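Given next are the chains, with one letter for each unit.
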Amino acid sequence: MKRKFDLFIYFLKKDIKARYAGSGFGLLWAILIPLAQIALFWFVFSGIMKARPYSNTQVPYIYFLLSSFFFWLAFSEGIIRSSSIIIENAEIIKKIPFPNILLPITVISTSYLLNFLGFVFFLIIYTISTGVNPLIILVIPIILFQFIFSIGIGIFIASIVPYVRDINQVLGYILQGMFFLSPIIYSIESVPERFKTIFYLNPITYFASSYHKIILLREMPPFNYLITIIISSSVVLLVGYYTFKKLKEGFADVL
Amino acid sequence: MSYKDEVVKAENLTKIYKLYNKPINRLKEIIFKKPFHMQIIALKGITFNLKRGETLGIIGENGAGKSTLLKILSKTLTPTNGYFEMNGLVSSLLELGSGFHPEFTGIDNIFFYGALIGLDKEFMKKKIEEIIDFSELKDFINYPIKTYSTGMYLRLAFSVATSVDPDILIIDEALSVGDQCFQKKCLDKMDSFKKRNKTIIFCSHDTYQIRMFCEKTMWLHNGKIKMFGKSDDVINAYTNHSREKSEKYKTNTEIINPEASQKDTFIFINDLTATQKDNKSILIEFNVSTLEPFEGHIGWSILRRDMLQISFITTYMQGLKPIKFEGSQKVKIIVDNLNIVNDNYFIYVGIFDKMAYKPIAVESIDHPIHTGYEIHNSLSFFDSKFIVE
Numbered sequence: 001m002k003r004k005f006d007l008f009i010y011f012l013k014k015d016i017k018a019r020y021a022g023s024g025f026g027l028l029w030a031i032l033i034p035l036a037q038i039a040l041f042w043f044v045f046s047g048i049m050k051a052r053p054y055s056n057t058q059v060p061y062i063y064f065l066l067s068s069f070f071f072w073l074a075f076s077e078g079i080i081r082s083s084s085i086i087i088e089n090a091e092i093i094k095k096i097p098f099p100n101i102l103l104p105i106t107v108i109s110t111s112y113l114l115n116f117l118g119f120v121f122f123l124i125i126y127t128i129s130t131g132v133n134p135l136i137i138l139v140i141p142i143i144l145f146q147f148i149f150s151i152g153i154g155i156f157i158a159s160i161v162p163y164v165r166d167i168n169q170v171l172g173y174i175l176q177g178m179f180f181l182s183p184i185i186y187s188i189e190s191v192p193e194r195f196k197t198i199f200y201l202n203p204i205t206y207f208a209s210s211y212h213k214i215i216l217l218r219e220m221p222p223f224n225y226l227i228t229i230i231i232s233s234s235v236v237l238l239v240g241y242y243t244f245k246k247l248k249e250g251f252a253d254v255l
Numbered sequence: 001m002s003y004k005d006e007v008v009k010a011e012n013l014t015k016i017y018k019l020y021n022k023p024i025n026r027l028k029e030i031i032f033k034k035p036f037h038m039q040i041i042a043l044k045g046i047t048f049n050l051k052r053g054e055t056l057g058i059i060g061e062n063g064a065g066k067s068t069l070l071k072i073l074s075k076t077l078t079p080t081n082g083y084f085e086m087n088g089l090v091s092s093l094l095e096l097g098s099g100f101h102p103e104f105t106g107i108d109n110i111f112f113y114g115a116l117i118g119l120d121k122e123f124m125k126k127k128i129e130e131i132i133d134f135s136e137l138k139d140f141i142n143y144p145i146k147t148y149s150t151g152m153y154l155r156l157a158f159s160v161a162t163s164v165d166p167d168i169l170i171i172d173e174a175l176s177v178g179d180q181c182f183q184k185k186c187l188d189k190m191d192s193f194k195k196r197n198k199t200i201i202f203c204s205h206d207t208y209q210i211r212m213f214c215e216k217t218m219w220l221h222n223g224k225i226k227m228f229g230k231s232d233d234v235i236n237a238y239t240n241h242s243r244e245k246s247e248k249y250k251t252n253t254e255i256i257n258p259e260a261s262q263k264d265t266f267i268f269i270n271d272l273t274a275t276q277k278d279n280k281s282i283l284i285e286f287n288v289s290t291l292e293p294f295e296g297h298i299g300w301s302i303l304r305r306d307m308l309q310i311s312f313i314t315t316y317m318q319g320l321k322p323i324k325f326e327g328s329q330k331v332k333i334i335v336d337n338l339n340i341v342n343d344n345y346f347i348y349v350g351i352f353d354k355m356a357y358k359p360i361a362v363e364s365i366d367h368p369i370h371t372g373y374e375i376h377n378s379l380s381f382f383d384s385k386f387i388v389e
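Taken in sequence, the protein lines are chains U and Z.
Heads up: the first sequence at position 54 corresponds to 54 in this note's numbering, and the numbers run straight through without jumps.
Heads up: the second sequence at position 47 corresponds to 47 in this note's numbering, and the numbers run straight through without jumps.
Derived from the structure by calculation, the hints contain no laboratory data.
Values in this document were obtained by computation on a predicted structure and should not be read as measured data.
All the pointers check out, no bait thrown in.
PhoX-like mimics (lysine-lysine), calculated; alpha carbons at most 25 angstroms apart, straight line:
(1) U/Lys13 x Z/Lys126
(2) Z/Lys75 x Z/Lys51
(3) Z/Lys126 x U/Lys17
(4) Z/Lys230 x Z/Lys189
(5) U/Lys246 x Z/Lys75
A few chain Z positions that, by computed beta-carbon distances, are all more than 10 angstroms from chain U:
(6) Ala10
(7) Thr14
(8) Pro35
(9) Gln39
(10) Lys44
(11) Arg52
(12) Lys127
(13) Asp139
(14) Gln180
(15) Asn197
(16) Ile225
(17) Asp271
(18) Ile310
(19) Gln329
(20) Lys330
(21) Val341
From chain Z, some residues computed to sit far from chain U (all C-beta separations above 10 angstroms):
(22) Ile132
(23) His221
(24) Glu292
(25) Ala356
We put the beta carbon where it would ideally sit given N, CA and C, even for glycine.
Using the sequences provided together with the hints, build the complete structure.
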């Protein structure tokens, strides 16, 4: 176990270093790309469509967006990267025995770490401009469960892709669908009643709405949200773990 | 653990590869639970044990399952059936490069490898000097591996794999890409492992290396053990088998080929003997009798049991004038500075035409040579002195 943990820390350091120091503009890209995305959504939804996340409050759109957007980025980046991580490391997997599962876990952890920094940065500015909110501490368990959820999905995808490589090609579209069908760029309250079921089928909805409730509305997320989060994360993690365990035996054969 | 402990234990190892025409068939199989594949049996029922300090050579033709077996023992491939146990730290050098990351520098890859097989950074830091020294890559160690040549790759891989002081070392056919000098260095290193009672599993097409290095040899044929036992016995059987097989295809690759000599022979070689004087020299003697006067050159060559030519020299190559043969003459060849390994060799002698293009008469004997050497490089140069009486 200690060996696995040491290896995980080693992978993590290596991965972060590669993201920052790998290419000449590594650090620049890591900051610029999310910033550009945020600026784009801000411009389209706030500047052009004049979207107001909540009709009865004056929450600025950028605060609304940022309260859940970083963790969406962490999730989608982590999944995209874990989908190709086994194939990228085929040479090592074929030649050296080591716990392969650490590869997808590492890339998901990296994207959570980096986006968490962005989130903290946002929280500092938000707190300065709107005052201290003790309830904010509640986001930590939500983030943790979202992290567990992402790992479950990540190791599941990572283990399937070597067998069915086409998944890589549709994954981007699936994630895009999950993004638009979850309350990240608009609030769940502004979704018409008859469409809400679609949103409730998307696990991301529960995470995003919980961030909104805690950070912007300063209230506890509904109890059934929390239950859904805990159950879905645990189930996804278990399914992912057992799928990986079963499929990794064949990695050397299919890579 | 005691000296006689079994460090490697394999029982009934079997590997069946499933070949799919299309990737989608793999998915179909999972869904419909019906076979959609063709089976290739790569290994079948491999059972063997190795004790501490034993070295095992694995030989066999291409596709016999050598690499598959080594991959299973290195735990990068899961056997379809069977069970095995490895007691101790295993380090393996599978094919080229042992799984280096092409973008990382040499140094990074050394630590990466250490981390992957579960050694801590402090231990690797202590070893780093030794690894760089042994690999002779001091000037390149801070460059990405992708800029390395194949030989550099191998040098790093071998240095890393052996420096971690494994209890069991697995080497797959990797040494063949190194230059002679590094090959020798590797074999010396492996020898020191052997002396320290480590277990080595070594696969090579070079039966000579295996004979010199391993006490036990396994001959794999079509995924099964065809023979397992003392290296000498197994390799003799294997080389005989290979020779029979190659005779079927009649490839005349030997440099000196009796059939190539002139049909109406008028010059004969007889009473060919070889006597060893001491560890370093050998005397080859034979009679040449000719029906008519003839001017030509004398040559001799030495071949390993697997018919690999180790050395070949003629009087022409030594810059001597053609020798006049008349009636019956005695030829002596004094060979000095022998640096080959104790073994049986084929010694060929021949009489060539004026330009030393083709052999006119050839004779050979099978002869043991004792030198006290255990390891050698495959091409050698000896001092040969030709005397015609």
